[in-house]
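K.L.:
Residue strings, one per chain:
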Amino acid sequence: MEHNWDFYAVFIGYEGWWLKGLLVTLVYATGTVVGGLVIGVVCGMGLLANRWWLTAPIHVYVELFRCTPVLVQIIWFFFALPIVIQVDLPGWLAAGIGLTLYMGCFATEIFRGGIISIDKGQWQAARAIGMTYPEMMQHIILPQAIRRMVPPFVNQSVIQFKNTALLYVVAVPDMMYTGYLVVADTYRPLEVYTGVAFAYFLLLYPITQWGKRLEARRDR
Amino acid sequence: MTDSPETEAGKGGRPTLSLRSLRKSYGPVEAVRGVSLDVHAGEVVVIIGPSGCGKSTTLRCLNLLEEPTGGTLRVGDRELDFADRRSLPTGRSLARFRARFGMVFQQFDLFAHKTALENVAIGLVVVRKKPRPEAQRLALDHLARVGLSGMEDRLPRELSGGQQQRVAIARALAMTPEVLLFDEVTSALDPELVGEVLSVMKGLAGDGATMVVVTHEMAFAQDVADRVIFMDQGEVIEEGGAEEVLANPRNPRTRSFLARFRRQEADG
Chain C
697 MEHNWDFYAV FIGYEGWWLK GLLVTLVYAT GTVVGGLVIG VVCGMGLLAN RWWLTAPIHV
757 YVELFRCTPV LVQIIWFFFA LPIVIQVDLP GWLAAGIGLT LYMGCFATEI FRGGIISIDK
817 GQWQAARAIG MTYPEMMQHI ILPQAIRRMV PPFVNQSVIQ FKNTALLYVV AVPDMMYTGY
877 LVVADTYRPL EVYTGVAFAY FLLLYPITQW GKRLEARRDR
Chain A
8 MTDSPETEAG KGGRPTLSLR SLRKSYGPVE AVRGVSLDVH AGEVVVIIGP SGCGKSTTLR
68 CLNLLEEPTG GTLRVGDREL DFADRRSLPT GRSLARFRAR FGMVFQQFDL FAHKTALENV
128 AIGLVVVRKK PRPEAQRLAL DHLARVGLSG MEDRLPRELS GGQQQRVAIA RALAMTPEVL
188 LFDEVTSALD PELVGEVLSV MKGLAGDGAT MVVVTHEMAF AQDVADRVIF MDQGEVIEEG
248 GAEEVLANPR NPRTRSFLAR FRRQEADG
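One line per chain: the protein sequences are C and A, in this order.
Taking our numbering, the leading residue of the first sequence gets 697, the next gets one more, and so forth.
Taking our numbering, the leading residue of the second sequence gets 8, the next gets one more, and so forth.
Just chain A, same shape as in the assembly:
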């Protein structure tokens, strides 16, 4: 576990997001056991690891969809100490804290009763209090950005999985978050639809978005990640540049995970 990863990131200055010694337990089970992570503006951090290693939980703790049991988190100028329950935001301030992040989920999770356009616009109207016409104009721009112009009036069930996931990305982008979180966003997609989602994500990375990506797409990690983190059993095992971790892993657990993974890929 590295406590000051910024040296490896190769980007100086104060990180946009700084997580220290994150812990998360479910009853007696410790899902995350002391994870630290810095993310700088414009950086793409990819987290890999076997199922149940705590990578998704770590991601969900960042925007407090899960309430951590210990550690600290700083985002911009806002600092939270999870050991001090009473200092944590609740209600409206918790909701507004979450809006600093944009999150995209494995199952897309679009609002089923709303069209693509409304899915993207609703946060702008309800959370950002923008007038509806302006929200809709912005939503159209974001749908165009993910390649879905002309699809704005479709309901989620009228879209393919890949299209739904791109709407979900547009929904997250529309809120102009400081950090984008991607939680295995291609895992539920048919193989032929994975590419369209990954290419949108590559585009975002190219435009300088700050991203934390939990994924099993090693090729994506290879191409896009500024930094790769390998987690196992709730801990960070290895961390470094994509080339370093994916091509020349030092830790035996990382090596065996990648070897197993490549075998599966080859078999598949």
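Extracted from the complex, chain C is given alone in its bound form:
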């Protein structure tokens, strides 16, 4: 089957759509990654506190989000959340909250893992010279733990960035949904989805390379 590739046909005249799609993707990716990081720090700290009434709900949250598909979460948050909490949330916000919580559950594990990877001996040495818990965290544990958290966090952020494409199922006009609209208009799915894939690659490749450099610097 012969196909006449024509990328101009899906781009010229649609620049405004694509630009908007790109911006929506970037905003969702940044927003959900930053939001997830905040959740990760808070819940990760909570897990370290060793109080069952704090750790139990966090474990439930983490496992719920880790063990259900993110696509199911997005759709559930879009349809069910506004009904459950009896607040009339716009769909884009409900879906965004879902994605943020998904990122948050992995960030929680990354944060906790980074902290507990610091050798117990250093904790006791810090306590033995008279540091309080916050002093120990600030001066001894976090500076080392954060360096170990960065590579897995970059990795998870890349996954999260790609997951924003799933938002198209609830009609959030990101790059993927924009592609769907352009296909409907031009009947050129090959060019459109090739272009979309290429755009994701161009955005993410530098991030993975940056992550590699950070890892190399850590190993030095």
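Every clue listed holds true.
Facing chain A, from chain C, some residues (calculated, C-beta under 10 Å):
| # | residue |
| --- | --- |
| 1 | K816 |
| 2 | G817 |
| 3 | A824 |
Only pairs whose alpha carbons sit at most 27 Å apart, straight line, appear in this in silico BS3-like list of lysine-lysine:
| # | chain 1 | residue 1 | chain 2 | residue 2 |
| --- | --- | --- | --- | --- |
| 4 | C | K858 | C | K716 |
| 5 | A | K136 | C | K816 |
| 6 | A | K136 | A | K121 |
| 7 | C | K816 | A | K121 |
| 8 | C | K858 | C | K908 |
| 9 | C | K908 | A | K121 |
| 10 | A | K121 | A | K137 |
Hints are computed from structural coordinates only; laboratory data are not their basis.
Glycine included, every Cβ here is placed at the ideal spot set by N, Cα and C.
Using the hints, position chain A against chain C.
P.N.:
For chain A alone, coordinates are given in the frame of chain C:
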């Protein structure tokens, strides 16, 4: 178990540290079962005993790295009753109580991201609130005291085990603690590096530092200890001058431990 060991110590006056009937359980397991101990200023007390006898746990209870389940502890003018949970210090006051002690660990436990100098200075800056230049000057002095001048910019991983352990001693010394605690500080070292650490410790003892030392180095105990305590199964079995306990032990358990130990030494 002796309740008033000061007579044997041969040093009068109020002890710097006074521990009474210390108990520590982990669930159903009693690791320490009623240990009492007095340490006077300038005294070197060496605790020996088989693995799992509770000697390290006793040491770690002194600076509350482990929370005792019973007994009392007085350090200087501060008295703690472990049976009364709510009277025990927490948070900042617990941290500051710990700073009365300096502790050196088996695995050195230096802060891996900090240079030798920073390892020694950090407590002065963070805990003692000294200005950084003054802390660094003091840290350099303490590194010199343990024979590590010129090594101040090395990271722990760039130092030998013996050097790391000497940095750890300097880190403890820098805080000018009332009592120094040594927890099997040569056990993780290659045999040829043990001597440099022990000689630093001998120097400290000679300078009048108050020390409680958990060790398997009998020769060190012989040379430096004012008093030797033999522990087994969470209790003090025998206690006295180094000569008394190591050369002429009265208790059969002490005798068999020392005999076994000397056989191993000879075999090794």
